[in-house]
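Participant: Line order of the protein sequences matches chains V and A.
Residue numbers 1 to 238, in this note's numbering, belong to the letters of the first sequence in order.
Residue numbers 239 to 528, in this note's numbering, belong to the letters of the second sequence in order.
Treat the hints as calculated values from the structure; they're not laboratory data.
Any given hint might turn out to be false.
[Unchecked claim] Straight-line C-alpha distance at most 25 Å; calculated DSS-like pairs for lysine-lysine: (1) V:K206 with V:K27; (2) V:K119 with V:K132; (3) V:K132 with A:K396; (4) V:K9 with V:K27; (5) V:K215 with V:K71; (6) A:K522 with V:K132; (7) A:K522 with A:K396; (8) V:K56 with V:K9; (9) V:K71 with V:K27; (10) A:K396 with V:K128; (11) V:K227 with V:K206; (12) A:K500 with A:K356; (13) A:K396 with V:K110; (14) V:K128 with V:K108; (15) A:K396 with V:K108.
[Stated by the list, open to error] Just a sample of chain A residues kept apart from chain V, beta carbon distances all over 12 Å, derived: (16) I273; (17) V296; (18) Y298; (19) I316; (20) V324; (21) G338; (22) L378; (23) C382; (24) F394; (25) F448; (26) A492.
Ideal Cβ positions, reconstructed from N, Cα and C, are used throughout, including at glycine.
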Amino acid sequence: MSRMLLEVKDLFAGYGGTEVLHGLSMKIEEGSITTLLGANGAGKTTMLRALCKMIKVRGQIMFDGQAIEGKATEDIVRLGVAHVPDGRGTFGSLSTEENLQLGSYTRKDKQEVALDQEKMYSYFPRLKERRKQQAGTLSGGEQQMLAIARALMLRPRLLLLDEPSFGLAPLIVREIFDIMHAINQRDKVTILLVEQNAAMALDMAKYAYLLETGKLVLSGLSEDLKKDEAVRRSYLGH
Amino acid sequence: METFIHQVVAGIATGGVYASLALALVMIYQSTHHINFAQGEIAMFATYMAWTLINAGVAYWLAFIITILLSFSLGVLIQRIIIRPVENAPVLNIVVVFIGLLVILNSIAGWIFTYTIKAFPSPFPKEPPFGLYFISSHELGSICVTMVLLLLLYSFFKFTPLGLAMRAAAQNPDSSRLVGIRVGWMLALGWGLAAAIGSVAGMMIAPVVFLEPNMMSGILLYAFAAALVGGIDSPGGAVLGGFIVGILENILGAYVIGTELKLSVALVLIIVVLTIKPAGLFGKVIVSRV
Numbered sequence: 001m002s003r004m005l006l007e008v009k010d011l012f013a014g015y016g017g018t019e020v021l022h023g024l025s026m027k028i029e030e031g032s033i034t035t036l037l038g039a040n041g042a043g044k045t046t047m048l049r050a051l052c053k054m055i056k057v058r059g060q061i062m063f064d065g066q067a068i069e070g071k072a073t074e075d076i077v078r079l080g081v082a083h084v085p086d087g088r089g090t091f092g093s094l095s096t097e098e099n100l101q102l103g104s105y106t107r108k109d110k111q112e113v114a115l116d117q118e119k120m121y122s123y124f125p126r127l128k129e130r131r132k133q134q135a136g137t138l139s140g141g142e143q144q145m146l147a148i149a150r151a152l153m154l155r156p157r158l159l160l161l162d163e164p165s166f167g168l169a170p171l172i173v174r175e176i177f178d179i180m181h182a183i184n185q186r187d188k189v190t191i192l193l194v195e196q197n198a199a200m201a202l203d204m205a206k207y208a209y210l211l212e213t214g215k216l217v218l219s220g221l222s223e224d225l226k227k228d229e230a231v232r233r234s235y236l237g238h
Numbered sequence: 239m240e241t242f243i244h245q246v247v248a249g250i251a252t253g254g255v256y257a258s259l260a261l262a263l264v265m266i267y268q269s270t271h272h273i274n275f276a277q278g279e280i281a282m283f284a285t286y287m288a289w290t291l292i293n294a295g296v297a298y299w300l301a302f303i304i305t306i307l308l309s310f311s312l313g314v315l316i317q318r319i320i321i322r323p324v325e326n327a328p329v330l331n332i333v334v335v336f337i338g339l340l341v342i343l344n345s346i347a348g349w350i351f352t353y354t355i356k357a358f359p360s361p362f363p364k365e366p367p368f369g370l371y372f373i374s375s376h377e378l379g380s381i382c383v384t385m386v387l388l389l390l391l392y393s394f395f396k397f398t399p400l401g402l403a404m405r406a407a408a409q410n411p412d413s414s415r416l417v418g419i420r421v422g423w424m425l426a427l428g429w430g431l432a433a434a435i436g437s438v439a440g441m442m443i444a445p446v447v448f449l450e451p452n453m454m455s456g457i458l459l460y461a462f463a464a465a466l467v468g469g470i471d472s473p474g475g476a477v478l479g480g481f482i483v484g485i486l487e488n489i490l491g492a493y494v495i496g497t498e499l500k501l502s503v504a505l506v507l508i509i510v511v512l513t514i515k516p517a518g519l520f521g522k523v524i525v526s527r528v
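This is chain V alone, in the form it adopts within the complex:
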């Protein structure tokens, strides 16, 4: 196995007094796509939120050899962790272009930013057509594209994606998955993908983790998990 970009040890997290994650440990290889599967309410979204400290955590999170569990979200972002949250989190009253500009808020390399913006428009031509339009008026698929493009404007080393296929038509899901694959291959962005569409996620990801009620119950290469009897019955439906 090659270098680890993210290492999580004994992670506990929750909301208020309710603990949702009960001691998770996980490793993410640099340059890989890893998927986190699990039923509704298993704690997948909570896991992503915990990784960038949107909620309080206990345990250890090492990003690129540096402990980040004590850092604020804003500072974790500055290390190169981008998060496409559950519900997309676009800025509805701002234009598409302003949303992209905000994605590169922490970057100082103005010229590179301009190039990256053009690159996003080439990945998602529909966003270019909608440049001046308020993000809130975009369709669900376009908003998801915008959310991903905004995250990429950070030039992240690690991209956390929370159910990018949620509520979208199969064709658009295909398009988004293709672009994720391209981003991973061409731009060498490491991806942690939370997905309800287990079949597609397992096809794309190299590694997979299975989360059940706040605990990781299974992990390994995606192709091995695909053959696992329990995974097939509960998540692949065959």
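Chain V is already provided as a structure; the job is to place chain A on it using the hints.
Facilitator: Only chain A this time, still in chain V's reference frame:
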């Protein structure tokens, strides 16, 4: 006819002041969903700072700029020290903090500067401009200052990365953190800007209403009315509302109800807007499913 034109022009001049203060209220409302009841007192306090500087022999426009900078710092400090600890407290607690702030600033001003009414200078000449009969130089100057202020603010929010970040932080704090915006500081910056805007409003209205610790109480009421008429979550609406309230107040005061009852125009407007069109002219109607 001449007096009518003059009433309208004077309404635009005071309307600009209401517009500025209403804008300050809206800015804080947009990012925190709270009405800063102490906004007027911060402006009053700033005007006293300007008065002190001018009395110490500082030239008017230099004092003007120093006051804006001091007010900005005062706003940032108030947010960091007083407001931040109660940020997540229930609404009523925050309202009490705002009212406490209002009373404290009012009393400190009275204690330091006494309650005697003071004359505050206008930077503009006494004679009407260009021999015009329907407008005074202070009115024209005040309108120009307000316009420049509004234009600067518009450009800041529309064209600078920091302005964009402040708008983003007001709209969606969680997503803002996810792109690396330090949301807490954006709030403090918003308070600073609001205080700075208020200080300009205070300095422009002080030559008209005279300087005393309670000078902003009526003005703030008009600013509330302006913000509500325009829509409490719409900066452009607040500005337009300010001018509408200013002109209405002057015309109704001159021809219908007399100057003594002018302040009731603001109250009537507030009640009318809240009963007929609670979102104001440009406000968003928020519907929530339950």
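Participant: Hint by hint, note whether the structure agrees.
Facilitator: Going down the list of hints, with the structure as the test:
For the proposed pair V:K206 and V:K27, the alpha carbon gap of about 13 Å is at most 25 Å, so the pair holds. Proposed proximity of V:K119 and V:K132 is supported: the alpha carbons are some 17 Å apart, at most 25 Å. With a C-alpha separation of about 13 Å, the suggested pairing of V:K132 with A:K396 holds against the 25 Å cut-off. Distance hint between V:K9 and V:K27 is fulfilled; the C-alpha atoms sit about 9 Å from each other, no more than 25 Å.
Distance hint between V:K215 and V:K71 is fulfilled; the C-alpha atoms sit about 24 Å from each other, no more than 25 Å. At roughly 21 Å between alpha-carbon atoms, A:K522 and V:K132 fall within 25 Å of each other, so this suggested pair holds. For the proposed pair A:K522 and A:K396, the alpha carbon gap of about 20 Å is at most 25 Å, so the pair holds. Distance hint between V:K56 and V:K9 is fulfilled; the C-alpha atoms sit about 15 Å from each other, no more than 25 Å.
Simply put, V:K71 and V:K27 have alpha-carbon atoms about 19 Å apart, close enough for the 25 Å limit, and the pair holds. Between A:K396 and V:K128, the direct Cα distance comes to roughly 20 Å. Compliance with the 25 Å bound is thereby established for this hinted pair. Distance check on the hinted pair: V:K227 and V:K206 sit about 14 Å apart at the alpha-carbon level, within 25 Å; holds. Using a Cα cut-off of 25 Å, the hinted pair A:K500 and A:K356 holds, with the two alpha carbons roughly 23 Å apart.
Between A:K396 and V:K110, the direct Cα distance comes to roughly 18 Å. Compliance with the 25 Å bound is thereby established for this hinted pair. With a C-alpha separation of about 23 Å, the suggested pair V:K128 and V:K108 falls inside the 25 Å cut-off, and the hint holds. At roughly 20 Å between alpha-carbon atoms, A:K396 and V:K108 fall within 25 Å of each other, so this suggested pair holds. No beta-carbon of chain V comes within 12 Å of the beta-carbon of A:I273; the shortest separation is about 21 Å.
The Cβ of A:V296 lies farther than 12 Å from every Cβ of chain V, with a closest approach of about 38 Å, so its non-interface assignment holds. Residue placement check: A:Y298 keeps its beta carbon more than 12 Å from all beta carbons of chain V (closest about 39 Å). Every CB of chain V lies more than 12 Å from the CB of A:I316, the least distance being 23 Å, so the non-interface label holds. The beta carbon of A:V324 sits about 19 Å from the closest Cβ of chain V, which is more than 12 Å, so the claim that it is off the interface holds.
Non-interface call for A:G338 relative to chain V: holds, since the shortest CB-CB distance, roughly 29 Å, exceeds 12 Å. Non-interface status of A:L378 relative to chain V is upheld: no Cβ of that chain comes within 12 Å, the nearest being about 35 Å off. For A:C382, the non-interface assignment is confirmed: its Cβ lies about 31 Å from the closest Cβ of chain V, beyond the 12 Å cut-off. With a cut of 12 Å on Cβ distances, A:F394 stays outside the contact zone with chain V, its closest approach being about 14 Å.
The beta carbon of A:F448 is kept farther than 12 Å from every beta carbon of chain V, the shortest such distance being approximately 41 Å. Against chain V, the non-interface label of A:A492 holds: every CB pair exceeds 12 Å, the least being about 40 Å.
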